[in-house]
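Colleague: Residue numbers (UniProt numbering), protein chains in the order written: chain Y, 1 to 510; chain A, 1 to 163.
Be aware that one or more of the hints could be misleading.
Unchecked claim - Pair by pair, the computed Cβ-Cβ distance ranges are:
# : chain 1 : residue 1 : chain 2 : residue 2 : range
1 : Y       : Gly38     : A       : Ile133    : 40 to 48 Å
2 : Y       : Glu109    : A       : Thr123    : 35 to 43 Å
3 : A       : Lys68     : Y       : Lys64     : 15 to 23 Å
As the list claims (entries may be wrong) - Below, in silico cross-link-like pairs of lysine-lysine (DSSO-like), each with a Cα-Cα straight-line distance of 27 Å or less:
#  : chain 1 : residue 1 : chain 2 : residue 2
4  : Y       : Lys132    : A       : Lys69
5  : Y       : Lys64     : A       : Lys44
6  : Y       : Lys129    : A       : Lys44
7  : A       : Lys145    : Y       : Lys129
8  : Y       : Lys227    : Y       : Lys73
9  : Y       : Lys134    : Y       : Lys75
10 : A       : Lys43     : Y       : Lys75
11 : Y       : Lys64     : A       : Lys43
12 : Y       : Lys37     : Y       : Lys74
13 : Y       : Lys75     : A       : Lys34
14 : A       : Lys44     : Y       : Lys58
15 : Y       : Lys36     : A       : Lys145
16 : Y       : Lys165    : Y       : Lys138
17 : Y       : Lys75     : A       : Lys124
18 : A       : Lys124    : Y       : Lys134
19 : Y       : Lys21     : A       : Lys44
20 : Y       : Lys279    : Y       : Lys342
The set of hints was computed from the structure by calculation and includes no laboratory data. These numbers were taken from a predicted model, which means no experiment stands behind them. For each residue, glycine too, the CB sits at the ideal point set by N, CA and C.
Take a look at the letters that make up each chain.
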Amino acid sequence: MLETYRGTYFHPRTQFITIDKTGKVIESDNILFPLKKGDEISSINPFFEGLASYFDSKEDNDIKFTCVHLESKKKQQHTCDIEFKTFANGQPSLVIIHDFSDHYEYYQEVAQSRNESVINSQILELQNKYLKEKEDFKNTFIANFSHELRNPLTGVTAFCSVLQKTDMSLEQQDYVEVIKSSGDHLKNMIGDILEMSKIEVGKLTIDEELFDFHKLIEMLAFTYTVKAKQKNIEFEVDFDDKIPKYIEGDKTRIKQVFENLLENAFKFTTTGKVTFTIKENQRRARKVNLNISVKDTGIGIPSEKLDIIFNSFTQLDVTQKYSGTGLGLSIVKGLVELMDGKITVESEENVGSIFKMNINFKYPINQENTSLENKLDIEYKNSLSKEKYNILLAEDSELAQMAVLKILSQEGHFYLDIISNGEDVIESVIHNEYDLILMDIRMPGTHGDELTKMIRSLPVQNCKTIPILALTANLYDDDKKRYKKMGMNDIIEKPFDETTLLSKIYKHLK
Amino acid sequence: MKVSKKIILLGHFGVGKSSLIRQFVENSFTTDYKVTIGVHILKKEVQIAPNETISLIIWDLEGYDDIKKTRASYLLGTHGFIYVFDVTRPATFQNLEDDITYLTNQYANTPLKVVGNKADLVTKSYLKENKAIFGVTPDFFTSAKTGDNVADLFTTLAKELVK
Ligand SMILES: Nc1nc2c(ncn2[C@@H]2O[C@H](COP(=O)(O)OP(=O)(O)OP(=O)(O)O)[C@@H](O)[C@H]2O)c(=O)[nH]1
Ligand SMILES: [Mg+2]
Numbered sequence: 001m002l003e004t005y006r007g008t009y010f011h012p013r014t015q016f017i018t019i020d021k022t023g024k025v026i027e028s029d030n031i032l033f034p035l036k037k038g039d040e041i042s043s044i045n046p047f048f049e050g051l052a053s054y055f056d057s058k059e060d061n062d063i064k065f066t067c068v069h070l071e072s073k074k075k076q077q078h079t080c081d082i083e084f085k086t087f088a089n090g091q092p093s094l095v096i097i098h099d100f101s102d103h104y105e106y107y108q109e110v111a112q113s114r115n116e117s118v119i120n121s122q123i124l125e126l127q128n129k130y131l132k133e134k135e136d137f138k139n140t141f142i143a144n145f146s147h148e149l150r151n152p153l154t155g156v157t158a159f160c161s162v163l164q165k166t167d168m169s170l171e172q173q174d175y176v177e178v179i180k181s182s183g184d185h186l187k188n189m190i191g192d193i194l195e196m197s198k199i200e201v202g203k204l205t206i207d208e209e210l211f212d213f214h215k216l217i218e219m220l221a222f223t224y225t226v227k228a229k230q231k232n233i234e235f236e237v238d239f240d241d242k243i244p245k246y247i248e249g250d251k252t253r254i255k256q257v258f259e260n261l262l263e264n265a266f267k268f269t270t271t272g273k274v275t276f277t278i279k280e281n282q283r284r285a286r287k288v289n290l291n292i293s294v295k296d297t298g299i300g301i302p303s304e305k306l307d308i309i310f311n312s313f314t315q316l317d318v319t320q321k322y323s324g325t326g327l328g329l330s331i332v333k334g335l336v337e338l339m340d341g342k343i344t345v346e347s348e349e350n351v352g353s354i355f356k357m358n359i360n361f362k363y364p365i366n367q368e369n370t371s372l373e374n375k376l377d378i379e380y381k382n383s384l385s386k387e388k389y390n391i392l393l394a395e396d397s398e399l400a401q402m403a404v405l406k407i408l409s410q411e412g413h414f415y416l417d418i419i420s421n422g423e424d425v426i427e428s429v430i431h432n433e434y435d436l437i438l439m440d441i442r443m444p445g446t447h448g449d450e451l452t453k454m455i456r457s458l459p460v461q462n463c464k465t466i467p468i469l470a471l472t473a474n475l476y477d478d479d480k481k482r483y484k485k486m487g488m489n490d491i492i493e494k495p496f497d498e499t500t501l502l503s504k505i506y507k508h509l510k
Numbered sequence: 001m002k003v004s005k006k007i008i009l010l011g012h013f014g015v016g017k018s019s020l021i022r023q024f025v026e027n028s029f030t031t032d033y034k035v036t037i038g039v040h041i042l043k044k045e046v047q048i049a050p051n052e053t054i055s056l057i058i059w060d061l062e063g064y065d066d067i068k069k070t071r072a073s074y075l076l077g078t079h080g081f082i083y084v085f086d087v088t089r090p091a092t093f094q095n096l097e098d099d100i101t102y103l104t105n106q107y108a109n110t111p112l113k114v115v116g117n118k119a120d121l122v123t124k125s126y127l128k129e130n131k132a133i134f135g136v137t138p139d140f141f142t143s144a145k146t147g148d149n150v151a152d153l154f155t156t157l158a159k160e161l162v163k
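Okay, chain Y solo, but in the shape it has when bound (with noise of 0.2 Å):
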């Protein structure tokens, strides 16, 4: 009996072979591979070519060989152990083949699994590192970009400002009013993408300040619902006065979140209504959760476009009806996510749509005694002191020169030295006292921040106090921060316009 099973499960799978000092086979019991008396060994597989030097040895060896592929003539596929013995004693050589193909098939399906699972991570890994530098590298490109439009566009901005000041006639008035609108237009756009590829990597920060959020709805309900006037449709606001009155967050980013969902919310709607609703959710603790949404019955979003509407660059009408850069919604979701919230849409074709935010606010408990800063806009003007003011610009671009020049010299207030490199600045500001210096940050030479360091150590006295203004295009907050750790006042940002420009200088001299 027992033999029996023997016969069933241990079949034998072990051929013996004995071969010459030429590789010539003298027996074989041909379990595997059908062989005669006088065949070459190689002639199984050329793996015994490489055991030749081994046919005439006159040592002990034992040589295994574990999972050689073997393939018998009539093409059956065996993996096999292989043992390869030679006797110093003259006995002829011994070749022992085991074949395990089973075992190997079951090794083999375990070895194919995680190999590709492992090739597949790797590969997985790569891709994502080189869509991330291809990702990186745009918004590089593009801040940077952008960045360099903004500076001839300070040329077209202020010179506006400038002529509108010069005798024209009503015809030349209008067509300047057109240049400046449209300038004001691309300003926008390129301030736009400036934005998104700052949001995208990472450089966009948000700021905490104690502000009155009641007036800033307030401010917005006025703009908009002059707005809904012109074009003819409703604007309702929602809004709920047990709202604290003063919250804690970054006033410029939530008014720009708000004003980009209305000023879309008019775009796509010609008749109807528009509504902005603000209602407090719960507090907690010092923080105030707040649901607002903004609904319009305008076109609306095809449901199968709702999932991209926040993607980069998406304009879902094509024709060109709808100007803009397309990337309004992308901004205000990742503001809104800076700012920890959660922005959400809902939309029916040719019904509206609404967008819906959760946004929790700091606010201080006791809301009494809350002050804020009068940061209302002094006349810092009148409260000046000097007949005449002496000013430093050092700025290496003509255009940006003569825009300063030509703003400061309608005021009558000011003399004016202008320097285009900055190795001279130094010198000039040892050897004349300024009231006030406009330094360029990007200046052949050395750069305004570098130079701000260096005057902030000067032993003369004054450069300690002298308000030091940065006139730049450059906007990550780590450069703002950057320069005003270095010693700068205050930063004008390019382009600028005539009434920006006056009133930091003003602010800055009284």
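Fit chain A with the ligands to the supplied structure of chain Y, relying on the hints for placement.
Modeller: Just chain A with the ligands now, with coordinates in the frame of chain Y:
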């Protein structure tokens, strides 16, 4: 009897060792990946001079991530090595320098060719610019898919074996 020489293909798994051999011996290529376990041995006559051919006994080994794990008996009596890596997968060449040093120390007199395979997946300029990242300058950039440099690789090695 005709001269026969044993050569071995080494390298990480999936770098294209079996594919290079298939291209060289059968002039074919498949995108399917069948993992080699143990060793497959093939034979091919190679013409090394107008009237001279040798037979190459080509050992296609299972890929390892550590060359020192290669079964010692496989390496017995080898006349030449081909070390293959995949130019697109850093994991397959991050130890290239160490592996090559190991081989040249252990088998000082055995010819060795270092091969960057799957060259069809990257541009020529990529290979030129990134030579440094491989750690060792490869003797050949090959493509088992297009056949680029494949015959050249084997023939060059074969010629060195009979010197
Ligand atoms: N595009 C391209 N793919 C290749 C090339 N060489 C191999 N491949 C592919 O790479 C995968 C692995 O090829 P194999 O030749 O099996 O690799 P191997 O080095 O023998 O792998 P192991 O046996 O596991 O050590 C297969 O899917 C091949 O189709 C090549 O030159 N170009
Ligand atoms: Mg293989």
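Colleague: Evaluate each hint against the coordinates.
Modeller: Structure-based check of all given hints:
1. Y:Gly38 to A:Ile133: 40 to 48 Å: violated, 56 Å
2. Y:Glu109 to A:Thr123: 35 to 43 Å: Since Y:Glu109 and A:Thr123 have Cβ atoms about 37 Å apart, the given range 35 to 43 Å holds.
3. A:Lys68 to Y:Lys64: 15 to 23 Å: holds, 19 Å
4. Y:Lys132 to A:Lys69: Violated, because 36 Å separates the two Cα atoms, which is more than 27 Å.
5. Y:Lys64 to A:Lys44: holds, 25 Å
6. Y:Lys129 to A:Lys44: Cα-Cα ~41 Å, so violated.
7. A:Lys145 to Y:Lys129: At roughly 25 Å apart (the allowed maximum being 27 Å), Y:Lys129 and A:Lys145 satisfy the hint.
8. Y:Lys227 to Y:Lys73: The given pair, whose Cα atoms are some 90 Å apart, is violated under the 27 Å limit.
9. Y:Lys134 to Y:Lys75: violated, 51 Å
10. A:Lys43 to Y:Lys75: holds, 16 Å
11. Y:Lys64 to A:Lys43: It holds: about 22 Å lies between the C-alpha atoms, which stays within 27 Å.
12. Y:Lys37 to Y:Lys74: Judged against 27 Å, a Cα distance of about 20 Å means the pair holds.
13. Y:Lys75 to A:Lys34: holds, 19 Å
14. A:Lys44 to Y:Lys58: Roughly 31 Å between the alpha carbons, so the hint for A:Lys44 and Y:Lys58 is violated.
15. Y:Lys36 to A:Lys145: Given that 27 Å is the threshold and the Cα spacing comes to 41 Å, the pair is violated.
16. Y:Lys165 to Y:Lys138: violated, 41 Å
17. Y:Lys75 to A:Lys124: With a Cα-Cα distance of about 41 Å, the restraint between Y:Lys75 and A:Lys124 is violated, given a limit of 27 Å.
18. A:Lys124 to Y:Lys134: holds, 20 Å
19. Y:Lys21 to A:Lys44: holds, 25 Å
20. Y:Lys279 to Y:Lys342: Holds: Y:Lys279 and Y:Lys342 sit about 15 Å apart, inside 27 Å.
Consistency note: the structure conflicts with the earlier hints numbered 1, 4, 6, 8, 9, 14, 15, 16, 17.
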